[in-house]
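Dock chains U, P and F against chain D, hints included.
Number of protein chains: 4
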Amino acid sequence: MGPGENATPEENEMAYDLGAAIAKQGWVVLTGGRSFGVMDAAMKGASDHNGLTIGVLPREDTKGASMHAQIRIITGIGSARNNINILTSHVVVVLGMAAGTASEVGLALKANKKTIFLNQDALTIEFFKKLGTYKVVTTNSVKDTIAQISDFISMGQIR
Amino acid sequence: MGPGENATPEENEMAYDLGAAIAKQGWVVLTGGRSFGVMDAAMKGASDHNGLTIGVLPREDTKGASMHAQIRIITGIGSARNNINILTSHVVVVLGMAAGTASEVGLALKANKKTIFLNQDALTIEFFKKLGTYKVVTTNSVKDTIAQISDFISMGQIR
Amino acid sequence: MGPGENATPEENEMAYDLGAAIAKQGWVVLTGGRSFGVMDAAMKGASDHNGLTIGVLPREDTKGASMHAQIRIITGIGSARNNINILTSHVVVVLGMAAGTASEVGLALKANKKTIFLNQDALTIEFFKKLGTYKVVTTNSVKDTIAQISDFISMGQIR
Amino acid sequence: MGPGENATPEENEMAYDLGAAIAKQGWVVLTGGRSFGVMDAAMKGASDHNGLTIGVLPREDTKGASMHAQIRIITGIGSARNNINILTSHVVVVLGMAAGTASEVGLALKANKKTIFLNQDALTIEFFKKLGTYKVVTTNSVKDTIAQISDFISMGQIR
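Residue numbers (this note's numbering), protein chains in the order written: chain D, 1 to 159; chain U, 1001 to 1159; chain P, 2001 to 2159; chain F, 3001 to 3159.
Here chain D stands alone, though its shape is the one from the complex:
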């Protein structure tokens, strides 16, 4: 989960690498499905490495969908679809921050989802730790993020 239009080039680059790394593990990338920013980059990274991608789209049609969203769930429920993103994900990785992303983190904490803050600043980490300390894990690289998810899996902590 991360920003669309407002993502920085560095965030997009890391999202691409994260998508690629997820694909190499044989895992599935799920995003909000739009053709911008972290969503688009992560799905491109996965698609370029033979990974499966799911885009959970806000509109009633596929307008604005990323061409890298292989499976397109057309929800027609707008930003309410953020909760579907969270509920459907086994682990939530947060890369970059925007208003929609913040709503997804809130919903993830509410739903007790394992949530990894990748490369987040101290302010963001501190704010969300106040809301659910034990659910928030921080990493600073794609490699550590994959290792963390592998740990969750091996410890049976992912529902």
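Calculated from the structure, these hints are not laboratory results.
C-beta: ideal position from N, C-alpha, C; glycine also.
Do not take every clue at face value.
Derived EDC-like pairs (lysine to aspartate or glutamate); straight-line CA-CA distance at most 20 Å [stated by the list, open to error]: (1) 1135/U x 1121/U; (2) 113/D x 144/D; (3) 2130/P x 1121/U; (4) 3113/F x 2060/P; (5) 3114/F x 3151/F; (6) 3114/F x 2061/P; (7) 63/D x 5/D; (8) 135/D x 1061/U; (9) 3024/F x 3013/F; (10) 143/D x 17/D; (11) 2130/P x 1005/U; (12) 1063/U x 3060/F; (13) 1135/U x 61/D; (14) 3135/F x 5/D; (15) 135/D x 3005/F; (16) 130/D x 144/D; (17) 114/D x 1061/U; (18) 1143/U x 1013/U; (19) 130/D x 3005/F; (20) 3129/F x 5/D; (21) 2114/P x 2126/P.
Some chain D residues flagged as far from chain U (calculated, every beta-carbon gap over 12 Å) [stated by the list, open to error]: (22) 8; (23) 36; (24) 48; (25) 111.
Just chains U, P and F now, kept in the frame of chain D:
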């Protein structure tokens, strides 16, 4: 789309065959994802023939999900998820009839989706034709249903 | 619940009278909230007689909302809001028929809501009775509809 | 918007006062509708002062609903209903903070809603200002909050 708990053995059998036939075409089966009736049977038919299946689940977790739903979209929006089933489908095939199924047909006609009534009785066909004649196509076999979908594709009528 | 743009003048007139009669009972009118057809007419009837009206709107804003929808719930979930209409209603009265209306009746039967078919033709009644006989009650006038709802209330049958 | 079970006594007290002040203005209080915390207290404050209250409930029934929610919108869409809370509100006042509340603030900023942070700590304000500075207004008392909303209204800034 079709009944869950109330599906007849004949409907389940045909749903299995339909799922298998869809898989053989390389298409994807999407259902409401639950472990009963037409949903379950169609996804089992597809899974048994190397097809991809998507279950769009009503609950906030996977309880009650079919083991044949390979990709599980956890919506948490109850029967409101019926509209996601419809919007996400390229073609809607209706096999058997129940209250939830009727709601899906209504939503399909509302969304101008190509809708195929497979093996429906005269009463059902007449009722829905009154609501949107030109959108309703009827078939009586899996083979004819696949042929009809192929026609839609070759004529570029599927969004 | 009933058609928007496709409602007949007779349906709109009866919807107005129904809204007025509901208001006189001190009950609340809830509709899909749009500025057309049965929705609009029922809320106008209620508003003109000091009744309270709630419009459950499909869009992310109030565009297309009836001016007679006093309380406007802005859902942003499109036709998925039909299920909110049903779940929120204590009794569902169906007047006229269209694709969206059919989906609401299906959802009402699914949710075990008391559902009154006002002035529906034999085909419609027969189709839905097949899906849930004991939940379907038919009336032919506003007066009988109000009497039927009063009966439901006095028998404690309305949740 | 604010916490349910985790609200502090001080937050509940201020929520009660806010609900009462809103009612005295003739405005409507809308909350998530549950029988806990800030939601419950704000609706009780309004109800005790002849105000109108709307509870937008997450479940498919009224279980857990506040007795002070006069109009109960039964959404059946779980935490996805947070977006309905935001879209339906003319102004969002945030009092206290929890995971669900954070998701609502994110959705409010996303939807460009006027959002007032009442009595929030510096960390919370700083975090959300980073996401949408010009949309965030801070107040420290019920009185100032009402004055701020009145300003929004007189300046025609509320949609």
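Taking the hints in turn, this is what the structure says about them:
1. 1135/U x 1121/U: Holds - the C-alpha atoms of residue 1121/U and residue 1135/U are around 17 Å apart, at most 20 Å.
2. 113/D x 144/D: Holds. Residue 113/D to residue 144/D sits at ~18 Å (cutoff 20 Å).
3. 2130/P x 1121/U: With Cα atoms ~12 Å apart, residue 2130/P and residue 1121/U stay inside 20 Å; holds.
4. 3113/F x 2060/P: Since the Cα atoms of residue 3113/F and residue 2060/P sit roughly 12 Å apart, the hinted pair holds (cutoff 20 Å).
5. 3114/F x 3151/F: holds, 12 Å
6. 3114/F x 2061/P: holds, 15 Å
7. 63/D x 5/D: holds, 15 Å
8. 135/D x 1061/U: holds, 18 Å
9. 3024/F x 3013/F: At roughly 17 Å apart (the allowed maximum being 20 Å), residue 3013/F and residue 3024/F satisfy the hint.
10. 143/D x 17/D: holds, 9 Å
11. 2130/P x 1005/U: holds, 16 Å
12. 1063/U x 3060/F: Measuring from Cα to Cα gives roughly 17 Å; hence the hint holds.
13. 1135/U x 61/D: holds, 18 Å
14. 3135/F x 5/D: holds, 18 Å
15. 135/D x 3005/F: holds, 18 Å
16. 130/D x 144/D: Given that 20 Å is the threshold and the Cα spacing comes to 23 Å, the pair is violated.
17. 114/D x 1061/U: holds, 15 Å
18. 1143/U x 1013/U: holds, 14 Å
19. 130/D x 3005/F: The given pair, whose Cα atoms are some 16 Å apart, holds under the 20 Å limit.
20. 3129/F x 5/D: Given pair residue 3129/F, residue 5/D holds - Cα atoms ~18 Å apart, limit 20 Å.
21. 2114/P x 2126/P: It holds: about 17 Å lies between the C-alpha atoms, which stays within 20 Å.
22. 8: Given a closest Cβ separation of 30 Å, the condition holds.
23. 36: holds, 21 Å
24. 48: Check passes; 20 Å lies beyond 12 Å.
25. 111: violated, 7 Å
The structure is inconsistent with the numbered hints 16, 25, although it conforms to all the rest.
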